[in-house]
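With the hints as your guide, set chain B onto chain A.
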Amino acid sequence: MDGLNPKTPLPNSPLVEIRGCRQSYHKDSTSDLLVLDDVNLTLASGEIVALLGRSGSGKSTLLRIVSGLLSPTAGQVKWRGEDLHGPADGVAMVFQSFALFPWLTVQENVELGLEAQGIPRAERESRAETAIDLIGLGGYESAYPKELSGGMRQRVGLARALVVHPDLLLMDEPFSALDVLTAETLRTDLIDLWMEGKLPIKSVLMVTHNIEEAVLMCDRILVFSSNPGRVASELIVPFPHPRNRLDPAFRQMVDDIYALMTRRPIKPHAAVPTPAAEAGFATPLAPVSTNLLAGLLETLAGPPYDGRADLPALAGALQLEADELLPMGESLQLLHLADLADGDIVMTDAGKQFALSSTDNRKAIFAAALRAHVPLVAAIRRTLDERWNHRASAVRFRDELEDHMSPDYAEDTLRTAIAYGRYAELFSYDEEAAQFSLDDIDNPA
Amino acid sequence: MPTVVPASLTAGRRVPNAWDMLAIACVFAGILALVQVTPETFKPIDAPNATVVTLDPANLPEYALRTTMRMFAALAASLVFTFTFAPLAAKSRRAGLVLVPILDILQSVPILGFLTFTTAFFMSLFPGRVAGLELAAIFAVFTSQAWNMAFSMYQSLTTLPNDLVEATRAYRLSGWQRFWKLEVPFAMPGLVWNMMLSMSGGWFFVVASEAITIGDQSWKLPGIGSYVAVALDQRNMGAIWWAILAMFVVILAYDQLLFRPLVAWSAKFRVELIATIAPEDPWVLKLLRRTRVLSLAGDAISNMFGSIGRLRMELPTARRAARAPRSSRGGDIVFIAVSALVAALAVWSIVSYVILHDVGMPDLLETLGLGLITMLRVIILIALASLLWVPIGVWIGLRPAWAQRVQVVVQFAAAFPANLFFPVFVILIVRFHGNSDIWLTPLMILGTQWYILFNIIAGASAFPSDLQEAALNFRVGGFLWWRRVILPGIFPYYVTGAITASGGSWNAAIVAEVASWGDTKLQAHGLGAYIAKATDEGNFAHVVLGVAVMSLFVLAFNRIVWRPLYAFATRRLTL
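So the sequences go chain by chain: A and B. Count along the first sequence from 1, add 151, and you get the number used in the numbering used here. Count along the second sequence from 1, add 131, and you get the number used in the numbering used here.
This is chain A alone, in the form it adopts within the complex (with noise of 0.2 Å):
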């Protein structure tokens, strides 16, 4: 892979220090649901490290055990070489949704930490007043949140943090919040102040799912695989400040970051206990709608993609990010509609056909395809043409998926099944009743 070195170790002593961390959800009865397995993470002074993944990767659980928000399960977490017990000095977070007290004021809610660590208030005022101008927010000391844009609400997030003067700065997809045009400000400013050395940080952990935002502001990125989350491989990111997403250097990398993002698996995961039922049952669908599977099919189809589109590309094309395109690409994967592999999307026959047809006959193709690769919907279809009445509850395909992945995530899948079913005509779904039917059904078996 070019563009990409191997991981060098660093020579400085190690802020953080984590040793074959595990994180998992404890479901009665059935094996542990894994979060998180086996991760290894060291970081030191002077370089910013990115958490890279799909959402459901773990990369935000893992963030909050750096944090000691969150205890593991089992591991080793040190922080400045003892063991993490809960939140620790000198680290400070910056969360997605800004978690700002809404009645407190700018000056407040960045006098938050101080105030906690009890330092009187002449002193509180003037370091929040520091960290208030260097972050560029100078005369919004008394407005509420609800008053400011989303990008003044995460510059003082970010002030916040600054304002304890923390040795690690934490943030939690700091930018994804925002719109492109403030994210990228935000970025760059943040950048600048950490080149010119007038941060109060000896080092920063994110956590995102934007390839380009790790390429452009990290010196480190760990790519996340799902379910459940690991460390599938660690990049060195060589460019100097300031970066530019136009080299062609930089372009590569984002590629070949892509490329990673999408290799298929080679076994499955021997976390994943494999289905007691039948195999594949219990594999999870994203909630992905029927309506952007379609749109995609179609964008391919047409110019100047003609069937095949490069994964980094597309999304630029079609504004979307990484971690929403993905999952699309992977949806139609599972359907066998379109492969994922190199970094690339390429429709299959179906796909094509599926691009061309009117609705009805888009409908036959996708009960096809659904009834063929995904065996949670065509379980659900053969236990409706067995029954007598044809009739069968969620809560048992349900309480099938809780017992081989998390609750959100079986709650995630059943749902998808549901709209896929629906669209497809393969069955009927009463909510209120939380049943399947095959009312309305025009070709029951």
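The hints are simulated quantities; they were obtained by calculation from the structure and are not laboratory data. Be aware that one or more of the hints could be misleading.
Stated by the list, open to error - Straight line, CA to CA, 20 Å or less: simulated EDC-like cross-link-like pairs of lysine to aspartate or glutamate:
1. K514(A) x D590(A)
2. K664(B) x D650(B)
3. K349(A) x E198(A)
4. K229(A) x D240(A)
5. K399(B) x E292(A)
6. K351(B) x E193(B)
7. K351(B) x E668(B)
8. K514(A) x E449(A)
9. K399(B) x E259(A)
10. K399(B) x E298(A)
11. K229(A) x D318(A)
12. K297(A) x D294(B)
Stated by the list, open to error - In silico negatives: residues of chain B with every beta carbon more than 12 Å from chain A:
13. L186
14. D187
15. N190
16. G227
17. L328
18. G462
19. A471
20. E497
21. S517
22. Q538
23. G565
24. R606
All values derive from a computational prediction rather than experimental measurement. For glycine and all other residues, C-beta sits at the position ideal for the given N, C-alpha and C.
For chain B alone, coordinates are given in the frame of chain A:
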């Protein structure tokens, strides 16, 4: 959805479980304990001038002030209760298991039935002194205010936004600091709103609890309520109008000086990051914010609270990372064993009381029958009030210019103690020889119908304008418009209002099913009259039985009718 939902709707469960049973047993065992420590004979109160009420209107300002002071004393007690009860129930899983159902039951107990015991109890604490009477009155108001305030805070504490909780932990606020920085502010809008509802309800009870007659003893605490009671005895209609006027002034003052500013102020604690167009500040709040001296005083107060909140007050074990919730089996077993023991004791004390006081099956059947009569009244009244107020409320609610002004008036009407108007009705019934069973009935809903109107107006004002336009565009009109468009749209609001009204009506039955004008006594058939009569005769066993049956009726009514309706409304009729 209505922003504030009665707690009895949201407790979630419908089918009573073991904890409900425990709660029912404990509440009634507690009540019995209160009855038993009460001496069966009453010592006459000696201080002659302390409890004399004259009908001279010149005394009314003083009486009004005393009534108001009782209200605020009770409000302070309710706040203390709320701030201890709610955190305890929210933070300890085990305490929550017991405390939440207990609160749910307490909400359904008609407190007016207990004036007798509480008065006797507090008077036995301060024999021969007015303090006992004062405390009894304050306690009566407290029991009408505390439960929904505590429930509101409990709900807030269990629904704290996760990101803010994480922020307080990441920035290492101690539990005490988090309480003042996050939990109290977050609970504030709901708490203030419930305080307002409580105060509105409270005027009714303070008026009812100032003049108490048990057996052939009667006491009158100087206040507006006892002033009205004396006026009734002396058939002095002029005095009653004076009392109504005084009450009007008091409620106007409390509304303008206290609650409008408080509600406007509490809006800043709403967790919504969208700037909404805030309605103009009430004049008192403007005064506070813009007057230099007053705002300095305000700053001083907020600084004081700020420094309380800044104390760390940390327990040595408090700083821990969150682990997957792990319950200790042993602790649970001990807890359940203790709970079972308490439940057994409670049941035993109830059974022994029943045996001792010879309350038999006939009594039970009689009260159940009377309960059905009162229930029929409540249902008919709610239906009639709905027929009247739903169209009017919708009409007003869809006209924004009207809605705001009418809301203010309706809120005022809800706060006004309806029992002050009872004499007017009684005179009419006496004059026209009306049937008590029919004509006393409307009194039950006199004060509570406003909750229906209030919520209907709120619902209709919140009805999405695009849906209205769609209905107009497709020319949906007449009956179809009511059935398909507006009624489903306001239904969740309607249920919220109707449950409040029905709960209040049950309570009001105790004072509304019997009425008197001088020597003339009017009495309707019903559980309320049964309780009132038993109180008059000093027959405690019957009072307890009546109140218990009424509580069960209210509980069953809530669980069987309102909660399913509310669940349906939230599931199906909201976007």
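These are the hints, each one checked on the structure:
1. K514(A) x D590(A): Within the cut-off at roughly 17 Å; holds.
2. K664(B) x D650(B): Holds, at about 16 Å.
3. K349(A) x E198(A): holds (15 Å)
4. K229(A) x D240(A): holds (13 Å)
5. K399(B) x E292(A): holds (17 Å)
6. K351(B) x E193(B): At roughly 15 Å apart (the allowed maximum being 20 Å), E193(B) and K351(B) satisfy the hint.
7. K351(B) x E668(B): Answer holds: K351(B) to E668(B) is near 18 Å, not above 20 Å.
8. K514(A) x E449(A): holds (15 Å)
9. K399(B) x E259(A): Measuring from Cα to Cα gives roughly 14 Å; hence the hint holds.
10. K399(B) x E298(A): holds (12 Å)
11. K229(A) x D318(A): The hint holds at about 14 Å.
12. K297(A) x D294(B): holds (16 Å)
13. L186: Given a closest Cβ separation of 49 Å, the condition holds.
14. D187: holds (49 Å)
15. N190: About 44 Å separates N190(B) from the closest Cβ of chain A, which puts it past 12 Å; holds.
16. G227: holds (22 Å)
17. L328: Given a closest Cβ separation of 22 Å, the condition holds.
18. G462: Holds, since 19 Å exceeds 12 Å.
19. A471: Consistent with the label, A471(B) stays out of reach of chain A, its closest Cβ about 24 Å off (over 12 Å).
20. E497: holds (42 Å)
21. S517: Nearest chain A Cβ is 25 Å from S517(B), so the label holds.
22. Q538: holds (24 Å)
23. G565: holds (47 Å)
24. R606: At about 29 Å from chain A, R606(B) clears the 12 Å cut-off, so the statement holds.
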